[in-house]
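Using the sequences and the hints, build the whole thing.
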Amino acid sequence: MKKTLFILIAFLSASVCTAELPDMSKSVVMIQIVKQGYDYTTPWKQQSTSGGVGSGFIIAGNRIITNAHNVSDNRYIIIKKENIAKKYPASVEFIGHDCDLALLKVYDPCFFDGTEPLGLGELPQVNSTVSTYGFPMGGTHISVTEGVVSRIQTDVYVHSGADAHLVVQTDAAINPGNSGGPVMQDGKVIGVAFQGLLAADNIGYLIPTTVIRHFLQDVNDGKYDGFGSIGVSLFAGLHNDSYYDYLKIPADTQGIIATSVMLNSSAEKVLQKDDCIIKIDDYDIDNDGMIMIYGTKHHMSEAIEQKQIGQKITLVYWRGGQKNTAELVIGLNRPIFDYSRLYDEQPRYVCFSGLTFVAASRNYLETWGRDWMQNIPHALRYLFSNSMQLNDDPLRKEYVILSEILPDQINTYADSFLTKPLESINDTPIRSLDDVKKAFENKDAEFYILKFMNSERPLPIEAKKAHQQNEIILKKYNVPTWAFLEQQI
Amino acid sequence: MKKINNIQSVFPILLFTAVVLSNACAKNRIDITEKMKDSIVYLRISHCGYEQYQPWKNSDITEGWSVGCAVSKNEVITTALNVANAVVIEAKRFGQNEFIPAKIKIVDYESNLALIELDPNALKKALVPLKFSAKYEKGAEVNCYWLSGILQIYSGRGYLDRATVDSSSGFCRTLNFVAANVSDLTGNGQLYCIGAEPLGIACWSNDKEAGIIPAEIINGFLEDAKDGSYNGTGAVGFTTTGLLDPALRKYLKLPQQIQDGVYVSDVYTIGTGSDVLKSGDVLVSIDGFELNSYGRYIHPKYDALLFDYLITGKTAGEKITFNIWRGGKKEKIKAIVKNFDVSKMLVPWYDLDSQPQYFIVGGCILQKLTKTYLAARGADWAGKVEPHIYNYLLNEAFKPTDERKEIIVLSYVLPANINLGYHGLDQLVVDSINGMKIGSMKDVPKAFALNPKAKYDLIEFELNQPKIVLDRAAMQPANLTIAKTYGIDKSVNISSE
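In the order they appear, the protein sequences are chains S and Z.
Residue numbers for the first sequence follow our numbering, so the first one is 1 and each next one is one higher.
Residue numbers for the second sequence follow our numbering, so the first one is 1001 and each next one is one higher.
Because the hints were derived from the structure by calculation, they are not lab data.
None of these values were measured; they are calculated from a predicted model.
Only true hints are included.
Covered stretches of chain S (chain Z as the covering partner; in silico rule of three or more C-beta atoms under 8 angstroms from a C-beta of chain Z):
#1 253-261
#2 459-473
Some chain Z residues judged to face chain S by a derived CB distance under 8 angstroms, without partners named:
#3 L1248
#4 Y1251
#5 S1265
#6 G1383
#7 K1384
#8 P1387
#9 L1394
#10 N1395
#11 L1420
#12 Y1422
#13 K1455
#14 L1458
#15 Q1465
#16 P1466
#17 D1471
Note that CB positions come from ideal geometry on N, CA and C, so glycine has one too.
Structure below.
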């Protein structure tokens, strides 16, 4: 069954009032946000603003924890306490889009007077009762709903669209506006409400404290690095005697098969295709790729999720009839065409002679609308789906796409190249937007010969004319600068 | 007030003019319904193809109809698409109530024509063959005729709007006429005439326009088919893009005197020009016809046409001359017009009239990749198909090589004990079997016969997808069980060609 998950921010909606809960009113807050994202086709422009309401709660150290999706792309944040009219401006201190968590700081230190920080509990038991607090659909008073923990498993976090971590499923009513609110058991936070399942009755999800603690530990050093991985594709298919025989693995062994190792990843120099990983740190891996952790079976990635980027992890694996042990450093290990959505940072671009180049991103693909995956041009769909297998260039940092053409006489005939990935300029491979800038900065060439992937026909641009027109085009279309490459990849 | 009076006085005059013109048109119209009674037949066709995702099974039987236009005493032509996957064809002619058994003599999906032979013994009265006229009068009124299943001749009309080069069924773009303002939906081989002269047969239609396969194509088809062997029309072996960009022309160092031409953007491994043209050539003229920057030439009768027709208008084996600009020099290249059977494409654009090629082993359905297979995914299939597979169709379909003539995919796995662990694998491109690279369906049984002493068979896929390892000792009984469980009467279908 195809699941449609939604995130739970309420967009300036009607108020629904529930019973007042005095204790929690010292800890649970309402977050009002004004958001404005970027236009990923013409990145110097911003989208229209929108408003939203979410929930959050106070933790030790005068911090407010909430969901990243509540405050991503924010332009203005207000925090409100229940029954107090005063609005407190706030800002994001740390944000983890991969785990949908954020820490907010309030500018007015008096805000925390009379508040009570909530403590973090452990993973709840399945079938135990939990209470959800927050401001569903806005409202002025804290709402509380009760339910049970239905199950705990690894699932996709909708905010990034790609990252998967542990989630706690509950039947406690979780509605838009609940996002970021605490889910309590025995006076402790056991999760942050964050998303629900559209095609089901009362299936809501919480971010468990294992993920929250990872996030909080990560930011201790003053920056957020994110959840890491080992950079290997795995196949849970060892259910067949012949496969054991082929891989020369003892019959009583259980494990998971490496099908490919990501270029430049932590595993690149350690693992190989057809290695059978049987143990990760102290956890035995079964043939479904699961380990016994937190008293039940979870995906082996949970062993990695317990650690921070830069920490080591030990793998035991079979290769060619030999059992081996190796240590790997956990890294970010993102595919060259990242599956995750981007937030908060102005996309980098190069706009030269009206030709606008951006780095390929999911955000750019999503400009094709709701069914973007079906509607995007084939070349982009192919790269997005298979960049790990298709990219054999270890120096590539990203794919560069011709995202927009600002019409001018210099680019009248460039339309057919729109949306295509750029391969080279004057035979120099394009591995990042920085390469595009460098290529156009070279004024010695008569032509800039642009070659695009899967296109034999080049796009020649007369260099002298292009430089002449560039300033005119930037002015005509209000493009602030021809190259914006400030963020590091 | 004056203006209002003027309008009132003009209106009746306009109305009168319209009535007069309408009457004049009606009077000029030549109705040949009577004459058509001996020359057009009704064809009832039962179609039954194959399920693409259970290729051992026939698909549901459907029934269609089309119009046959007599080209001899007992032969008619209709469109190829109307008889695709036909299992039974029966004809009805005016004045004879019972159906006449018929069969396909020649079918060509590139010209979208089929020659159908009616059983002469069942035909009570010989048909009167039509003579298709190569007349082309842009703007002329055209009438169309067809015989219904209840033996009534119907007619409709429209205007001959344009000649175009397009494909109504296959991968070759060839000459078509388009009738505008058509009174009826016609796409089933209805006969179009100018006055009393047959012009062509209908091949597609919407509520405004209808496509007509013109006399020139029909006569060429009949001429080619006359000796019993059919060569087929030429196929283009390269793609071009417009050459409008002055910067590109300057970059290619095209001299001032060459104002037009198209850029050869890709060259196939099959088809006309594939052996002589190179990517980056500028195609200036074909057989003396100069191409403009949009790839069109001026045809003496039809005005601007796409250059494809200079190739698809010829029969395979004829000579052709390309004038090109290559590496700063003008060159004249003589070549032979070539074509190819659709089955020779790396990814055939259609797979009609035959059972899909497949090989089922240990529950793994290995199948030859065709566009028909992919299109069976339903509406908007192109966006649903796995991009690695779709890439073969989009960028490699016309580029078979000696090493790789076909693409073989693992369609899916029929769950059974022998393939436990692999049940979720599907839509993967087979790279090798037992270490042997797979370049065609014929390689598959050869590869499974390799290493007779090995304990297992190994299937490897492209893009580092998981491998499949199957126990040879368990294979034979497993194949029998799987065939019985899933109702498979035939585990292998590989073309002997």
